[in-house]
Each structure stands twice: as C-alpha cells, then as structure tokens.
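J.: Residues per chain, in single letters:
Protein chains: 2
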Amino acid sequence: MNKDRPLILVTNDDGITAPGIRTLIEVMNEIGEVWVVAPDSPQSGMGHAITVNETLYVDRIIVDPDAPQKEYSCSGTPVDCVKLATNELLKRKPDLCVSGINHGSNSSINVIYSGTMSAAVEAGTVGIPSIGFSLLDYSLEADFSHVKSYVKTLAIQALNHGMPKGVVLNVNFPKQNASGIKGMKVCRQANAHWIENFDKRTNPLGRDYYWLTGDFVNEDKGEDTDEWALKHGFVSIVPVQFDLTAHHAIKDINTWDL
Amino acid sequence: MNKDRPLILVTNDDGITAPGIRTLIEVMNEIGEVWVVAPDSPQSGMGHAITVNETLYVDRIIVDPDAPQKEYSCSGTPVDCVKLATNELLKRKPDLCVSGINHGSNSSINVIYSGTMSAAVEAGTVGIPSIGFSLLDYSLEADFSHVKSYVKTLAIQALNHGMPKGVVLNVNFPKQNASGIKGMKVCRQANAHWIENFDKRTNPLGRDYYWLTGDFVNEDKGEDTDEWALKHGFVSIVPVQFDLTAHHAIKDINTWDL
Chain U
1 MNKDRPLILV TNDDGITAPG IRTLIEVMNE IGEVWVVAPD SPQSGMGHAI
51 TVNETLYVDR IIVDPDAPQK EYSCSGTPVD CVKLATNELL KRKPDLCVSG
101 INHGSNSSIN VIYSGTMSAA VEAGTVGIPS IGFSLLDYSL EADFSHVKSY
151 VKTLAIQALN HGMPKGVVLN VNFPKQNASG IKGMKVCRQA NAHWIENFDK
201 RTNPLGRDYY WLTGDFVNED KGEDTDEWAL KHGFVSIVPV QFDLTAHHAI
251 KDINTWDL
Chain A
1 MNKDRPLILV TNDDGITAPG IRTLIEVMNE IGEVWVVAPD SPQSGMGHAI
51 TVNETLYVDR IIVDPDAPQK EYSCSGTPVD CVKLATNELL KRKPDLCVSG
101 INHGSNSSIN VIYSGTMSAA VEAGTVGIPS IGFSLLDYSL EADFSHVKSY
151 VKTLAIQALN HGMPKGVVLN VNFPKQNASG IKGMKVCRQA NAHWIENFDK
201 RTNPLGRDYY WLTGDFVNED KGEDTDEWAL KHGFVSIVPV QFDLTAHHAI
251 KDINTWDL
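Quick note, the sequences are listed as chains U and A, same order. Letter by letter, the first sequence follows residues 1 to 258 of our numbering. Letter by letter, the second sequence follows residues 1 to 258 of our numbering.
Any given hint could be a false lead.
A pair counts as met if it fits within one copy or between any two copies, since identical chains are not told apart.
[Stated by the list, open to error] Below 27 Å or equal to it, Euclidean Cα-Cα: the simulated BS3-like pairs (lysine-lysine) are:
1. K165 - K231
2. K221 - K182
3. K231 - K70
4. K185 - K148
5. K185 - K152
It should be emphasised that the hints constitute simulated quantities derived from the structure, not laboratory data.
Please model the complete structure; the sequences and the hints are all you need to start from.
T.: Spelled out as structure tokens, the structure:
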C-alpha cells in the first residue's frame with residue numbers, strides 16, 4: 001500500500017446518488033484516492049445477489065466536476081459493483097473498500113439481507129480490508145454529520161492495521177440525539193430474527209398481491225451484542241466472517257446415522 | 001411434530017419447474033405432507049435477496065393433478081418464498097424445509113451467492129430444521145437418480161435429530177460417475193474465492209456491456225473441506241451458521257485505537 005495515497009473503493013446499496021454514499025465519499029477524499037463504483041438505482045435487500053442471467057452496464061458519471069473522485073454507476077447489484085471495480089475498472093487492488101453509509105440498520109440478522117454488507121464481504125473474499133457502514137435512520141434526509149469522525153477513524157485504523165484474515169467489519173451508528181454518541185463498541189451479532197406480516201392487497205385487475213413487511217424480534221439480551229450497543233448510544237462494530245461453517249456442529253452431525 | 005406425517009416445505013432457486021425440485025418433491029412425498037413454494041422463474045445467484053420495493057404475486061399451481069403435494073409459484077426470490085410460506089401460506093410451522101436440488105455447486109464460498117442456500121438459511125433463522133441440496137451439474141438435463149437415497153436419509157435424520165441451534169446444512173452431491181458415490185462426509189467450507197473475467201461486448205447501439213464470468217480459485221488443500229470431499233466422490237455436508245460474528249477477531253479489533 002502507498003500509505004500516503006491509499007486507493008479506496010466506495011460502494012453502497014442505496015444507489016450512487018444517495019446522501020449516505022456522498023458522506024462516505026467526502027470523508028474518504030480526506031484519506032486517499034477515491035474510486036466510486038455503485039448501483040445506478042436502489043438495491044436494498046439484495047443480499048449477496050449477483051447478476052448471472054443479464055448484462056451489466058457501467059457508466060462513468062460526474063456528480064461534481066470539481067470533486068477529486070472517479071465515479072462509475074452500474075446497472076447491477078452491490079456485489080456486481082465490487083466485482084466490476086476490482087476485476088475491470090480499478091488500476092490495481094484497492095487498499096480499502098468501504099460500503100454505505102446505508103440508510104437504515106444492518107445490525108444483527110440484517111447483515112444477511114444487506115446489499116451494503118454483501119458488497120463489503122465480497123471485497124473481503126478477495127483479501128481487501130473492508131468495512132460496511134450503516135446509520136439507524138431510513139430517511140433519505142438522514143443527518144450523517146455526527147458519524148463522519150467515526151467513519152474516518154475506522155477507515156484509517158483499517159488501513160494501518162489491515163484486517164484479520166477472512167474478516168470484514170459491520171459498523172452501525174445510532175441516530176443522532178441530544179447527548180451524542182457515547183463511543184464505539186466491538187460486539188457480537190445479536191441473535192434476532194424477523195417475523196413477517198405480509199400486507200395482502202388486491203390490484204385493480206382483481207389479483208391478490210403482497211407487500212413484505214415484518215417485525216424485528218430480538219430475544220437476545222446480551223450486553224455484548226450490537227443491538228445492546230446501539231440501544232445504549234454506542235457505535236456497534238461486529239467483525240463478520242464469510243466462512244459460514246458452524247465448526248461446533250460438525251461433531252453433532254457426525255452422530256447422525258449417515 | 002407429527003412424526004407420522006411431518007409437514008415439509010420445499011423450495012429452490014432454479015424455479016418451480018426445474019427438474020431438481022421435481023426430484024426433491026418426489027423424495028419428500030415418501031416422507032411427509034409436502035408444500036412447495038418456489039420462484040416462478042430462475043433465481044440463481046440471488047443470494048439472500050428479498051423483495052422490498054416491489055409487490056409479490058403467488059399462484060396456486062397444479063403440475064400433476066394426481067400428485068399429493070400442494071404447490072405455489074411466487075414472483076419473488078427464494079427467501080421471499082420461505083417468508084411467504086411460513087408466515088402466510090402454510091397452516092403451521094413446517095417440521096422441515098428442504099431447498100434445491102440445485103443445478104450446480106453451492107460448495108465453499110458459493111454458499112454466500114446461492115439462492116438455494118439462502119432459502120434454507122432463512123428457514124433456519126426462524127428455527128425450522130433446514131437443508132439445501134445441490135448437484136455438481138449445471139445442466140437442466142442433469143441426472144438426479146443417484147442422489148435420491150442420500151436426500152431421503154438426510155431429511156429423515158434431520159426430522160429425527162432436529163438441527164443444532166442456529167445451524168442449517170449445505171449438502172452437495174458429486175456428478176454421477178461409474179464408481180458411484182463413496183459415502184457422506186461432514187466437512188468445513190473450503191477457503192476459496194472467485195476471480196472474475198468479465199466478458200466485455202458492444203451492443204447493437206454501440207454501448208459496452210459486460211457478462212459476469214469467473215474462475216473458481218481454491219487454494220485450500222485441507223482434506224476436511226467440502227471441495228476435497230466432492231473431488232474424491234463423497235457427498236459433502238457442511239453445517240452452516242447465520243451468526244456471522246468472527247468471535248476470534250473481537251480481541252484483534254479491540255487493540256485498534258478507537
């Protein structure tokens with residue numbers, strides 16, 4: 001790595017024009033040479049989807065002619081963006097990949113549905129230090145001002161330390177409140193899940209359809225979880241791995257009559 | 001659970017008419033009461049995507065009027081199918097969810113891109129014993145005859161034993177060959193990744209576009225991996241978890257200057 005001028009890939013899942021990625025670009029421009037490769041439209045909930053049966057388009061775009069970063073918008077998913085960036089668009093392997101800042105939480109089980117985090121994970125699979133950032137505010141007018149210094153600190157620390165092998169970071173920020181953020185906490189993912197309440201309607205042609213809506217259920221009261229940290233005003237940092245093997249369960253399954 | 005007549009949810013990512021899911025339905029009909037809720041079109045590579053900005057349609061379909069199973073085709077992703085099945089369509093929580101049989105490998109890092117496995121994981125998040133099955137043959141004319149007995153054994157064992165908490169199974173089958181399958185092996189996910197070779201073309205209007213293609217790179221020579229097992233003619237069984245926390249890395253990150 002050129003420590004004076006690290007190469008930083010920025011992506012997200014809310015689309016290249018979302019305020020969250022604009023904040024992330026602004027902060028990364030203070031640290032290194034920034035290349036943005038992000039979806040041309042919102043891709044929330046895309047998880048680790050890739051585009052295998054359709055073509056991908058990429059356009060060089062200029063959002064601000066005076067800004068230093070290079071920007072590309074892509075017709076694919078967040079993971080497609082990272083693959084295109086690292087294999088086709090960037091001149092070399094980036095020193096850091098940052099994804100977000102997502103408009104809405106990616107804490108706990110939300111990590112598995114999150115395009116923001118899947119983009120970060122994709123970069124991690126090819127050995128790029130990588131962080132996904134999310135703010136617990138779904139609004140497009142969300143205020144990101146209180147998180148900038150934390151984003152900068154974490155990016156610099158990741159550049160300085162590198163990342164443990166096979167690990168990326170899932171960082172969530174509480175919404176701004178009067179008392180401010182209390183600090184950062186390294187946490188485990190809370191053991192929570194969703195229970196869906198589908199909203200069933202009938203379209204003008206008389207055909208039923210559904211909207212997916214649900215309730216987040218967290219029965220994990222551990223004070224070492226991301227949910228606890230966020231509820232108590234801390235930034236949550238969960239080290240996330242993409243070796244999904246439940247090593248502890250191998251012994252169990254070996255007792256089966258196979 | 002009613003052990004005489006367990007309720008089994010069947011889904012996949014290749015779409016409800018794919019030969020792989022037809023084989024799975026056939027085997028499950030020997031074990032219990034089968035409800036099929038699967039995508040109306042191929043959804044390969046959809047990972048854990050959910051449909052949040054569009055509506056979902058569900059249709060009761062009858063593929064074979066003499067068959068005992070109930071079948072629904074859904075306009076959404078594999079994960080949407082599981083959510084709709086468990087929260088809206090099925091009369092009670094199923095005793096087992098099986099997904100597949102996928103046309104193509106979901107071993108190693110492929111687990112994170114796989115709609116087949118994400119459907120299984122989704123069922124796991126709400127406590128349903130769940131298994132994703134895949135065959136290392138992408139062809140739509142793939143021969144599934146040699147895997148039926150293994151599918152049945154695994155489903156029965158999962159019903160009898162239940163699943164370790166927070167775990168689902170990722171089962172991959174080698175292609176049929178003259179010597180047959182050598183047995184089943186409980187494994188860890190091989191530490192492999194993809195390097196993409198985008199196929200860049202120009203459309204009739206002169207605009208460049210890309211097809212995603214890539215090479216699978218496995219530098220993990222461990223004999224306890226799924227890749228090793230499959231290469232040597234065994235069925236690979238990887239217990240997969242959806243708590244993505246890299247617990248071992250918490251200590252590392254806590255040494256950062258945060």
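J.: Up to 27 Å between alpha-carbons, please classify K185 paired with K148: within, between, both or neither.
T.: Close inside one copy (17 Å), not across copies (48 Å); limit 27 Å.
J.: Can you tell me if K185 and K152 fall within 27 Å by alpha carbon in one copy, between copies, both or neither?
T.: Classified as within; 16 Å inside a copy, 46 Å across copies.
J.: Checking an output row: K231 and K70, CA cutoff 27 Å. Within, between, both or neither?
T.: neither (37 Å within a copy, 43 Å between copies)
J.: Within a copy, between copies, both or neither: where do K165 and K231 come within 27 Å Cα-Cα?
T.: So K165 and K231 pass the 27 Å test across copies only (26 Å; inside, 30 Å).
J.: Please sort K221 with K182 into within, between, both or neither, judging by C-alpha distance up to 27 Å.
T.: For K221 and K182, the Cα distance is within 27 Å only inside one copy (20 Å; across copies 45 Å).
Hint compliance for this structure: hint 3 is the single one not met.
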